[in-house]
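Visitor: Residues per chain are reported as follows:
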Amino acid sequence: MQVADRTAPAATREMFYNEALGDALRLEMERDDGVIVLGEDIAEHGGAFQVTAGLLDKFGPTRIRQTPISELGIVGAAVGAALTGLRPVVELMYIDFSGLAMDQIVNQAAQNRFMFGGQARVPMVLRTQGGSGRGNAAQHSKSLEAWFAHVAGLKVVMPSTPADAKGLLTASIRDDDPVIFIEHKLLYRTKGQVPTGEHVVPLGRADVKREGKDLTIVTWSREVLFALEAAQRLAADGIEAEIVDVRSLVPLDAETILASVRKTHRVLVVHEAIKRGGYGGEIAALVAEQAFDDLDAPPRRLAGLETPIPYAAHLEKTVTPQIEDIVRVAKEVCA
Amino acid sequence: MTVDKRTAIDLYRTMRKIRAFEERSATLFGENKIWGTIHSYAGEEAIAVGVCAHLRDDDWITSTHRGHGHCIAKGADLTGMFAELLGKETGYCRGRGGSMHIADTSKGNLGANGIVGGGIPIATGAALTAKQTGSDRVAVAFFGDGAANQGGFHESANLAALWKLPVVYVCEQNQYAESLPVEREFPIPDISKRAEGYGMPGVRVDGRDVRAVHAAAGDLIARARRGEGPSFLLADAYRLEGHYYGDPRKYQSKDEIEGWKTRFDPLIDTREWIVREKLASAAELDAIDTATADEIARAVAAAEAAPLASPIRLPEDVYASR
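Residue numbers (this note's numbering), protein chains in the order written: chain U, 1 to 335; chain H, 336 to 657.
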């Protein structure tokens, strides 16, 4: 699936999403000796999703530090390294493993700066991936962004395109706060035009991936691609959907969301994570609180069913929003 | 390692400062001037002081919920510490942290920690920075016997030994993990033996004897500085107060508590040693005690006079870049 990125400047090349992430890592490691990568299987193997492929040869084992399987120890070491001047990037193979490291993420990385009265900063990136669609079942498929978005002190980034993946990872590495950078396992082999040199996409700026006048669909990560497909089908039926890709949940670009809703007067939030307690509720509430008078229909959410992710391919699709689901609910919102 | 006169007096002075800080904190707590809870380091002074005597300002420590002693031994300013306990703008954390989170990054103190064992992986990461930047800086993780059963200790010890990181794990075995006595925490009598399993030296010392701690820590820190990797120091001591001020201590007998107080107080032991070895006279040590009491009084007065922490900048302290 290919997605045009309308922010991309001229010097671009087609890259896979995982390749674009690796490109950002390479450029930032060349730029700053303090950037190191820690994680499982990231050296000779190139990472479970081949993001760090080739980096060992270029930067050696002291900067591409393959670790034992010790999520708490790895993330904690990154916190300590970040507090003392490095810019570590941790690869946590599956977001489902974050539970093993949660104390260091939530009680330490997120809060050190605040607890210490502003004395410290924790410039680390925790790269991980989530989402379903590959038959990995319940312990390797969750969408847990709402957990992290709920913690004061963390930033949460979820790129949908190769260009955004590169630009947002660059910005995250340069950011002075801990960033939870959530990739999607089914985006790694998507392709798109990506700037070949330095490319920075600032955190906290949503991107209107498609303009439309009838309905705003706010979404992120893989569901952006689904929403774009859905928008084409909706257009055939005379409904022009505007697709707002939030790109970062924290900080959230409320302005772009609200501006779009004020234009279209209808909003549907779509995410793969289960609806209950999901971040879609936050966005629906934002719109209800700040743009209620502009709405011609109640804010609507389309999200995962409240179940763990099942194994079988057809069951996986049943519990997560598919293209046809977006089309159906968008039509209801516009009815 | 023999201790010269000047070092002996410095060790005693810092130990006294910690004890006086804890005694005054208890008073302030009793007067309801300290919010939340505090955990006294009384009885364990010899450990922080004996270890930190070997550290430079650019070396790092991570501390614990029982962290006042480490903070003072690493060179913190008493006024800033009292001000933090009192919720003042001049406190180390400007009222955002309190006793369990005092940090002094200018002196390499990466913070007390409210999570048992939470600082151990962080010290390991600081040691990674030391190694990565080619410096001879070292990191010390202070933690209690309770923390030695947390996964973070085991994961970090393995990682540090694997990567030969300059970190010393200092386990302050103060006989209780909150209310659980040490013999019910571990199936083996001496957890310094665990170090061998990680491929690092494990040393056990009497943590009430500042000479023993100073000597053992000196060796292990020098070893880390030379690039020879991590080590584990187990220091036995006794927590003279309860887990926190106000702990009813139902898990301890009166005889036990009184016995430790009268027979095994490291301040008394250190005094006796210094006088016996003629490193200083009792009168000189009394003068140190008086000067320390004055310093504490001045620090408390300055902290009490400071304005309450301002709520205005609370959101600004959450993120470094917006």
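Just so you know, these hints were derived from the structure itself, not from any lab.
Note that beta-carbon positions come from the ideal geometry of N, C-alpha and C, so glycine has one too.
Hints should not be assumed to be uniformly reliable.
Not close to chain U: a few residues of chain H, all C-beta gaps over 10 Å, as computed [unchecked claim]:
id	residue
1	Pro456
2	Gln510
3	Glu607
4	Leu614
Partial selection, computed: residues in chain H whose CB lies under 7 Å from chain U [said to hold, decoys possible]:
id	residue
5	Gly422
6	Thr425
7	Arg429
8	Ala438
Visitor: Quick one: which hint numbers does this structure break? Sort them smallest to largest.
Guide: 1, 5, 6
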